[in-house]
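Engineer: Read off the chains here:
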Amino acid sequence: MRIRVDPDKCQGHARCYGLAPELFDVDDYGLSTAVDGGNVPPGLEDKARLAIANCPEYAIEEL
Amino acid sequence: MARTQPVERWETDFDVLDAGYIADPFSVWDRLRGTCPIAHTERRGSTWLPTRYEDVVALAHDVEHFSSQKIAVIPLDGDEPEEPVLAYGLPPISADPPLHTWTRRLLLPWFSHRRVEGYEGLTRTLCAGLVDSFASDGRVDAAGRYAQQIPVRVIAHVLGVPPEMADTFTGWVRDVLEFADDPERRARGGDALLDFFVAEVARRKTEPGEDLLSELLATEVDGAPMDEAIVLGTAALVLIAGVDTTWSAIGSSLWHLAGHPDDRRRLVAEPELMPLAVEELLRAYSPVTMARVVVEDTEFQGCPMHAGDKVLMNFPGANRDPAAFEDADRVVLDRALNRHVAFGSGIHRCAGSNLARMELRVALEEWLRRIPEFHLADDAEVTWAGGQVRGPRSLPVVLS
Ligand code: HEM
Ligand code: SF4
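Chains A and R, in that order, are what the protein sequence lines are. Just so you know, we're using the working numbering here: the first sequence kicks off at 38 and counts up by one. Just so you know, we're using the working numbering here: the second sequence kicks off at 75 and counts up by one.
Calculated directly from the structure, the hints in this document are not laboratory data. Being a predicted model, the structure only gives us computed values, none of them experimental. Hints should not be assumed to be uniformly reliable.
Quick list of simulated restraints, FRET-style, between CB atoms [claimed, not checked]:
{"id": "1", "chain 1": "A", "residue 1": "R39", "chain 2": "R", "residue 2": "E238", "range": "50 to 60 Å"}
{"id": "2", "chain 1": "R", "residue 1": "S141", "chain 2": "A", "residue 2": "R39", "range": "31 to 41 Å"}
{"id": "3", "chain 1": "R", "residue 1": "R189", "chain 2": "A", "residue 2": "E82", "range": "29 to 39 Å"}
{"id": "4", "chain 1": "R", "residue 1": "V472", "chain 2": "A", "residue 2": "L100", "range": "51 to 61 Å"}
{"id": "5", "chain 1": "A", "residue 1": "D65", "chain 2": "R", "residue 2": "R219", "range": "31 to 41 Å"}
{"id": "6", "chain 1": "R", "residue 1": "A454", "chain 2": "A", "residue 2": "L81", "range": "43 to 53 Å"}
Part of the chain A face toward chain R, derived, beta carbon under 10 Å [as the list claims (entries may be wrong)]:
{"id": "7", "residue": "P44"}
{"id": "8", "residue": "G55"}
{"id": "9", "residue": "E59"}
Backbone N, C-alpha and C fix where the C-beta goes; we use that ideal spot for every residue, glycine too.
Pulled out of the complex, with its shape left as it was, chain A reads as follows (with noise of 0.2 Å):
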């Protein structure tokens, strides 16, 4: 699974680290960026779902 977050679109709610914390970077800023190049472990693609489906601004997306 390979998951990106739309750098237009997220608004720095943090709300895919706070429930993915290894899925995802937020920078001072508050911008996220997917980690390893969007590639997801094995294992956490739930939490990579739950990351998608809580996000107020559908910034992220699976590739």
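Given the structure of chain A, go ahead and fit chain R with the ligands onto it with the hints provided.
Structural biologist: Quick look at chain R with the ligands alone, frame taken from chain A:
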């Protein structure tokens, strides 16, 4: 004395200061979503009240038509003064791009999740100390002696202003936000707050510190020091935005847990639920409503909105929309699908949301650790504030 005339038709004559609405806005939104999802009133100026999630989010994203230059939910006599006291208002919250963009960037690093981790220790010590001060009393006002005491002290620390002034700050912020329909009180609180920051700014010019206020003063924009009116507006905003809001969220959450023993016991038994529970409590009892001003005549979802009309950013109502949330009116502590907008949506997303979440979580953790069993003394004794910020102002609970 009643603050408002009775409301007969919520669709065409709503009033957010109506006592019944403050106590229970939820049933009004439910009804409006069925009859007239964007209600209107002429009270305090022509104002629209959207109640659907989809509409609130769309409005928040359309910053070209809906400006943040007038954000007060309760304008004075239907009209705010043309010239704000501070030339730039309270940026970034009352600014549109481009002023919004760079003033927001100045604030964000102070409330990044990394910085906020650094404030957790002092927040926990503060909460634990407060609980210790009343845990053996048998009965306590959880709003006045707990919720109200927490955010103001954390913010004072960030701003580098004296924590002993906490009660004074709280008084000013309440004057500005909660008693906004009383011109004298609103002006008194606003003036005092401004005078205070003017003096703090003057002091930092000779004795700079490590705090947010000092850093703002040292910031250069295009090679020149930042306009002092912007420094003052931004500092005042951080105090105003960080106090009533978070205290209300803590109070509402304790109110819920006091009246819902199943949820309370579940949270005590399964502390790992706390992060999801915090989001759910924020969704169900979102404290903050903002306003926008219509820039030019426009039609939105069939509503003829005129330049100068206000639109209320009803984030609390959006969060109760059954079209966006299953069982929207029920608190589900481990709700897994929760795109709530308690912190807003789009470019004005609450700059302090990481801090607010941490404070709410730590406040509940420290309370529940020492006081797992408690209930409302008498629901009739609970009083609520509403308007821009909704939350309990008196919350007597019995500790067992
Ligand atoms: C539970 C507590 C809080 C809630 C529910 C809340 C809610 C909100 C909302 C809904 C907005 C968006 C305003 C709009 O769209 O016009 C906002 C903006 C803002 N909040 Fe909060 N807030 C809370 C706590 C805090 C705290 C602790 C701070 C401390 C710094 C803070 C600082 C700000 C600032 C600076 C903005 C303006 C952001 C901008 O315009 O870009 N808030 N808040
Ligand atoms: S939850 Fe969405 S908007 Fe928020 S930081 Fe993550 S990707 Fe960005």
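Engineer: Would you mind marking each hint as holding or not holding in the structure?
Structural biologist: Evaluated hints:
The hinted range of 50 to 60 Å is satisfied by R39/A and E238/R, whose Cβ atoms lie roughly 53 Å apart. Look at S141/R against R39/A: about 39 Å separates their beta carbons, and that is inside 31 to 41 Å. Checked against the given bound of 29 to 39 Å, the beta carbons of R189/R and E82/A, roughly 31 Å apart, stay inside it. In this structure the supplied range 51 to 61 Å holds for V472/R paired with L100/A, their Cβ-Cβ distance being about 54 Å.
Range check, D65/A to R219/R: Cβ separation about 35 Å, and the 31 to 41 Å hint holds. Taking the beta carbon of each, A454/R and L81/A are about 49 Å apart, inside 43 to 53 Å as hinted. A cut of 10 Å between beta carbons decides the hint on P44/A: the least distance to chain R is about 13 Å, and the hint is violated. Satisfaction of the interface hint for G55/A is found here, the shortest Cβ-Cβ separation to chain R being roughly 6 Å, below the 10 Å cut-off.
With 10 Å as the threshold, the beta carbon of E59/A stays out of range of chain R, its nearest partner Cβ sitting at about 14 Å, so the hint is violated.
The earlier numbered hints that this structure contradicts are 7 and 9.
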